Amino acid sequence: MKIPKDLSRWNRCAAYLYSFYSGWFNKVLINLLVLVPPALIATLYSNKDVKNFIRVVTSDATYTHIATVGRDYVLLFNLFTFVWPVLLLSIGSEIAKRAQSNGVNVEGLFALIKSLDSIVGIKNKRFHLHTKNIDQLSKDTAFENITDPNAQIAEIVKEIGVFFNAIGEKKRALIRVTLAVMKEGKIDSLPIFYPNDEPIKSTIDSLNSPNSAFLTAYKSKKTLLISDIKKELKQPNGKRKFAETENEEDNSGSMICYPVKVYDSSIPFVISIHSDESGYFKDEFKEVYEHTLQRFALRLSVENSLLIMKEKLCGK
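Letter by letter, the sequence shown follows residues 1 to 316 of our numbering.
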């Protein structure tokens, strides 16, 4: 299992700075950096003893210059005392956010485990029911009766949608997952989608255009991630990663198209995950999305093998 590498230069930098701040000595230095400059400026303006000390240790010309600068830029220095700590704390908050998040946090990890367990749980329940009625099975009919790859594929597609709903920052975004069955280099059918009341509205003919998102992912055998579809479609034709569809709803938001590869490197399915919110899927987390989708793809590959065997052996 390939573990995704660190995600971006910014995230690596954030992780380093966060690690640097974890040491107690470095924490003291950074806290001094936040507090000392504003405190020093406030002291220079308000404490007469400090002013007298500066007059003693500097020449008259130097002291006069310092006093002139302080008088001419009093508003700027006062503004600095307010902005400086706010700015540094905001930067620190962003560094911590980036360092602690790489697309799937602890909550997302639990959501992934729950989805994978649900997929196995459905199959386990079906197998258990057959063991209770084992007298009704024979060695000739057991495989046909026990295996139900289409039901399992539908469950996997549903759990992909459940998972990506769980990890998103925008909890009210609509996530639509569509499974395209690929044959001879084109979409043969779109039999499974989630939610059940949100089928893809573009026709198969439209989605089979050479530069559609589905076919782009299929031909390249790589994940296609579009963080802002509407922005991408404004690019000149030669620079676009994919072509727009006939359905306007599909031409905005955010999207991942993921080719499901099996052991012989063929691609029986392409999964489309679409959010109606732009920026829902982020380029910097692409490797994490791929790593996650590989867990679902492995289970789809198993069911695809069972589907082929069932069609050949049982005629259905």
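These aren't lab readings, by the way, just hints derived from the structure by calculation. It is possible that some hints are incorrect.
DSS-like, lysine-lysine: derived pairs with alpha carbons at most 25 angstroms apart [stated by the list, open to error]:
| hint | residue 1 | residue 2 |
| --- | --- | --- |
| 1 | K261 | K282 |
| 2 | K123 | K239 |
| 3 | K139 | K222 |
| 4 | K239 | K219 |
| 5 | K158 | K239 |
| 6 | K139 | K312 |
| 7 | K123 | K219 |
| 8 | K230 | K219 |
What follows is a list of derived Cβ distance ranges for each label pair [to be verified]:
| hint | residue 1 | residue 2 | range |
| --- | --- | --- | --- |
| 9 | Q136 | L313 | 47 to 55 angstroms |
| 10 | I30 | N150 | 37 to 45 angstroms |
| 11 | L313 | R172 | 21 to 29 angstroms |
| 12 | D197 | N78 | 52 to 60 angstroms |
| 13 | G121 | I30 | 20 to 28 angstroms |
| 14 | N251 | N124 | 37 to 45 angstroms |
| 15 | P85 | N150 | 56 to 64 angstroms |
| 16 | V28 | L75 | 30 to 38 angstroms |
Here the structure is a predicted model, which means the values were calculated and not measured. Glycine included, each C-beta is placed from N, C-alpha and C at the ideal position.
Hint-by-hint comparison with the structure:
| no. | hint | verdict |
| --- | --- | --- |
| 1 | K261 to K282 | holds, 23 angstroms |
| 2 | K123 to K239 | violated, 44 angstroms |
| 3 | K139 to K222 | violated, 41 angstroms |
| 4 | K239 to K219 | holds, 17 angstroms |
| 5 | K158 to K239 | violated, 33 angstroms |
| 6 | K139 to K312 | holds, 17 angstroms |
| 7 | K123 to K219 | violated, 32 angstroms |
| 8 | K230 to K219 | holds, 23 angstroms |
| 9 | Q136 to L313: 47 to 55 angstroms | violated, 19 angstroms |
| 10 | I30 to N150: 37 to 45 angstroms | violated, 57 angstroms |
| 11 | L313 to R172: 21 to 29 angstroms | violated, 46 angstroms |
| 12 | D197 to N78: 52 to 60 angstroms | holds, 59 angstroms |
| 13 | G121 to I30: 20 to 28 angstroms | violated, 48 angstroms |
| 14 | N251 to N124: 37 to 45 angstroms | holds, 41 angstroms |
| 15 | P85 to N150: 56 to 64 angstroms | holds, 60 angstroms |
| 16 | V28 to L75: 30 to 38 angstroms | holds, 32 angstroms |
The earlier numbered hints that this structure contradicts are 2, 3, 5, 7, 9, 10, 11 and 13.
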